[in-house]
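Chains as they are written, first to last, in this note's numbering: chain E, 1 to 358; chain W, 1001 to 1328.
These are calculated hints, taken from the structure and not from any lab test.
Hints may contain errors.
Once the Cα atoms are required to be at most 30 Å apart in a straight line, the calculated DSSO-like pairs of lysine-lysine come out as [as the list claims (entries may be wrong)]:
1. 1244(W) <-> 1143(W)
2. 1197(W) <-> 129(E)
3. 1143(W) <-> 1034(W)
4. 10(E) <-> 348(E)
5. 23(E) <-> 10(E)
6. 1143(W) <-> 303(E)
7. 1034(W) <-> 231(E)
8. 23(E) <-> 350(E)
9. 1323(W) <-> 129(E)
10. 1244(W) <-> 1105(W)
11. 1034(W) <-> 1323(W)
12. 1197(W) <-> 1323(W)
Pulled from the structure, derived: some chain E residues nowhere near chain W, Cβ distances all over 10 Å [stated by the list, open to error]:
13. 8
14. 105
15. 129
16. 134
17. 141
18. 145
19. 149
20. 198
21. 260
22. 309
23. 311
24. 319
25. 321
26. 348
Glycine included, every Cβ here is placed at the ideal spot set by N, Cα and C.
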Amino acid sequence: MFYREAGDFKTSYASDNQTFPIKFDRYRYYAVMFVAFAIVPLIINDYWVSAIFLPFLIYSIAAIGLNILVGYCGQVSLGTGGFMAVGAYGCYKLMTGFPEVNILVHVLLSGGVTGLVCVLFGLPSLRIKGFYLAVATLAAQFFLVWLFNRIPWFYNYSASGQINAPERTFLGVAVTGPNTEAWASYLFCLVILTFCALVARNLTRGMQGRQWMAIRDMDIAAEIIGVNPLKAKVSAFAVSGFFVGIAGALLFAVYLGAAEAGDSFGITKSFLVLFMIIIGGLGSIFGSFAGAAFLVLLPVLLKNVLVGWLGWPTDMAAHLEFVIVGGLIVIFLIAEPHGLAQLWRVAKEKLRLWPFPH
Amino acid sequence: MPDQLVFGMEVFLNGLMAGVLYALVALGFVLIYKASGIFNYAQGVMALFSALTLVGIMEGQVPFGHIINAVFGTEIHHFGWHVPAFAAILLTMGVMVLLAICVQKFVFRHLVGQEPIILFMATIGLAYFLEGVGDLMWGSEIKKLDVGLPQGINSAIDEATLGMFGYGFFIDNLDIVATLIATLLVITLVIFSQYTKQGRAMRAVADDHQAALSVGVSLNFVWVMVWSVAGFVALVAGIMWGTKSGVQFSLSLIALKALPVLMLGGFTSIPGAIVGGLIIGVGEKLFEFAVGPLVGGATENWFAYVLALVFLVFRPQGLFGEKIIERV
């Protein structure tokens, strides 16, 4: 009833090829964009931005990046935290080295640098497969974090070993540093997220995405039908690294403001982003959003319920969170290996017939 | 003899001992992987969990005491008894068997036939779950574990080397005991898998699930058994590491150290796990000794992984692993 293809006639190739070919999807997309850009910035305050919106936006970018690598190309990576650190430290070096250049350029450039590093660590994927590769990416995680902790050049020889984001403006409005308005940092991240999601969505729909999926499903067979595994795998690592690097840069510059490689970009971060895409749905852009939202909201919710209402000590709530997240991962893998995205797909199927099922 | 060489030899010996401990964790991985094709990321957390349970039982701690106190406002922490180490180890083993049955019944039975990478991710979820349960059950503070293993410098080696090189080597008694126990464990495991009926069933399942099933081997039983044996290995590793550095969260991170050991040795080989452990143990200690001071130290954090990564590029199946054959 609400969700149907009937009566939605396509009269040109362009309209047949558009990102959301079904009217309901398209209008929903416009509505979400309208709310996100025009309404949310007017009503949010500091708490909402720092507790929910910023982490959601930033982790969504990271999840999209990792989803391209794991969900679309099938190369499992446990090095996300390390790659985010590359983005963060790259952004820091650029921000302090070239203060006159626009922050947006810095963020995108640090994404590019991360892409290169990611390719470097991804090259062995041509020889190493499956969880051998997953373990090999741990090398990236530990090596990169160690590098940023031990080589003083990366944190500009500061005494604490931390990096601090200086104040930078975008179109005359501060987006990093202590004087940032809540709505400004929100909008800045939202614009970048929208850009990343559009790029990712269209990459995965096109030839590149099909090559990745062919490699994921069976790399030898893909090679035989003419997919170049070197190009496909390296491009997946590069694109994934680009997004993950942007997420790392934003996490440091806009959200945290100060970071230290071991604390902010440890192995737990790698697992967090991996869990997001498992719960959200492997091989789905919408799933990246859903997973990020889920894992950002869950701790906030648990903290409010357990600590706020029941008066439990915070450390116990944190342990319970471990139990719940771990349990959910297992439950999702058993019951719905395709994650929240699949639930959404099923819901749409139901909506097509509702309220008049056969 | 030059000082550097003597120091190097001491580092080498200590590396060997550390390697044995890595190999101990790696063994648990190999067992499960061989029998069920599951790469069990939760092995390290199992070691942590078993060590926590052991301490908890020995001290007579009330399980979930913190939650009970928080929910009902009571103030109970201990039953007030102390269980002797041997009985506590047996009880902990019982808990690990129970855990193996639960894992098999509630998780992996529902995941039969899934891709290996899905199973791997399920074990990551399991690791988080167990870690949370362990902390909720027994509390998250650092605990001391003492089951009566000797500790401290071995004076015999110290004196012998002092006489020989004019410099006493520092070798921990605990490391020597760990080496002995690990050797014993490996011999037991080999005898078990070669000469007992259950061991043969285990090897049959490892070889071919369906063929084993068709000649009447119960897959469920074998898998529960393998998880129990892995739980036992985890318990041994937990006791060793727990005695060495206290029972704490970082114990679960040794699992991560065991991963490069496995990759180096090959996932399917028990000797591989041992040799890989020794190579990694010696390699990272010597590297830290020789190169560490030049680049700012703490190279132990990443050396093992990078070594394994570089090695795998040239030999993807590891030292002793079965050759990977791919077909369309």
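What are the numbers of the hints the structure violates, in ascending order?
-> 2, 3, 7, 10, 15, 16, 17, 18, 19, 23, 24 and 25
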